[in-house]
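J.: Sequence:
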Amino acid sequence: MQGPEKFRPRSAWAPWNYDSELLAFRSRLGVTVDVETLRLCLTDKSYAAFVVDVGDATGPIDNRELAETGRRSSEAYICGFLRKFYPRLPEEWIACVKDRLLSDSDLAHVGAHLGMTDILLYTLEEAQPAGESRLLPQVTGPPSLNSIATSFLAVVGALANDQQAAHLFIRDFILTRLLHLEFCADFDFPLQEDPFSLLEGVLRSQKRGPPEARLQRQSSMNTLLACYQVGIYSDCQLVGEAPGETIEIAEKEATLQALRNLFGIHDSRPPLPLSGAYIPVDGLPPNPSLSDYISASL
100 MQGPEKFRPR SAWAPWNYDS ELLAFRSRLG VTVDVETLRL CLTDKSYAAF
150 VVDVGDATGP IDNRELAETG RRSSEAYICG FLRKFYPRLP EEWIACVKDR
200 LLSDSDLAHV GAHLGMTDIL LYTLEEAQPA GESRLLPQVT GPPSLNSIAT
250 SFLAVVGALA NDQQAAHLFI RDFILTRLLH LEFCADFDFP LQEDPFSLLE
300 GVLRSQKRGP PEARLQRQSS MNTLLACYQV GIYSDCQLVG EAPGETIEIA
350 EKEATLQALR NLFGIHDSRP PLPLSGAYIP VDGLPPNPSL SDYISASL
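Take the position in the sequence shown, starting the count at 1, then add 99; the result is the number in the numbering used here.
No lab work stands behind these hints: they were computed from the structure. Please note: incorrect hints may appear among the correct ones.
Unchecked claim - 25 Å max Cα-Cα, derived PhoX-like pairs, lysine-lysine:
id	residue 1	residue 2
1	183	306
2	197	183
3	351	306
As the list claims (entries may be wrong) - Taking CB as the label site, the calculated pair distances span:
id	residue 1	residue 2	range
4	311	342	15 to 21 Å
5	324	217	49 to 55 Å
6	342	116	57 to 63 Å
7	271	323	30 to 36 Å
8	345	131	23 to 29 Å
9	383	323	45 to 51 Å
10	150	382	38 to 44 Å
11	385	283	44 to 50 Å
12	118	285	38 to 44 Å
13	118	304	55 to 61 Å
14	199	120	28 to 34 Å
15	263	135	31 to 37 Å
A quick note: this is a predicted structure, and the numbers were derived from the prediction, not measured. Here a beta-carbon is modelled for each residue, glycine too, at the ideal position from N, C-alpha and C.
Make a model of the complete structure from these sequences and hints.
T.: Put into structure tokens, the structure is as follows:
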């Protein structure tokens, strides 16, 4: 049998003009970066090791330095943005969101949809030691997620001299991922396994009474379809409710829902301002940490 067709990059198909592809990519991004800098952003370290002699280089030969700058800028803006619009969200939970948005898989997802995989300069082989053959090997597979993510962050780093342009780029292409992610399901937030002590601290920090769990309704007890609904109350006011197949599960889910309501990340929350005019978020202090909330309950 002949088997599947071997991998061929887009550059193997005519017509192909790399300089034209760079200009088209820049237009898709809507940024003002010179072509040579953009070429550097798309030069992976695996490719540079074959085509550039490190001893003769007078500047950066690949995108790693720009990517580090881009990561720092992205981390600062994402954290500031979340602090501004979710001021009660624990700092550790903000870090979870930031880490997910800047993960290789999420950044590669965005970069691939922008066509970055077609113009990324990379190889899948390591360069030979000095004195041996340094012929550029044939590309036999798609780039790694890390290579795409690094190139994407390098583009952010190339924009870092213009803070507003860099922040708008981060908002438009990274923070918009939050439209497709659920705060309630897609993030492994700390203390979700034992949320009651955290809820006590959050309520105390708001000068409210301790949480009380009450069974609101139940049905189909002693069957496989049993359902219990538990509500969490503070000062006789409902702060969260949820169903579950047992009372314990329902109480835990109701506690988590109460936390989401108090932190402002419930399902019916208003949308984030991910379009329109630039919103500066510099100079915002960190949100309360989990330890701050828990110590308030003691």
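J.: State for each hint whether it applies.
T.: Here's how the hints hold up against the structure:
no.	hint	verdict
1	183 to 306	22 Å, holds
2	197 to 183	14 Å, holds
3	351 to 306	22 Å, holds
4	311 to 342: 15 to 21 Å	18 Å, holds
5	324 to 217: 49 to 55 Å	51 Å, holds
6	342 to 116: 57 to 63 Å	59 Å, holds
7	271 to 323: 30 to 36 Å	48 Å, violated
8	345 to 131: 23 to 29 Å	58 Å, violated
9	383 to 323: 45 to 51 Å	50 Å, holds
10	150 to 382: 38 to 44 Å	43 Å, holds
11	385 to 283: 44 to 50 Å	23 Å, violated
12	118 to 285: 38 to 44 Å	39 Å, holds
13	118 to 304: 55 to 61 Å	57 Å, holds
14	199 to 120: 28 to 34 Å	30 Å, holds
15	263 to 135: 31 to 37 Å	23 Å, violated
Of the numbered hints listed earlier, those contradicted by the structure are 7, 8, 11, 15.
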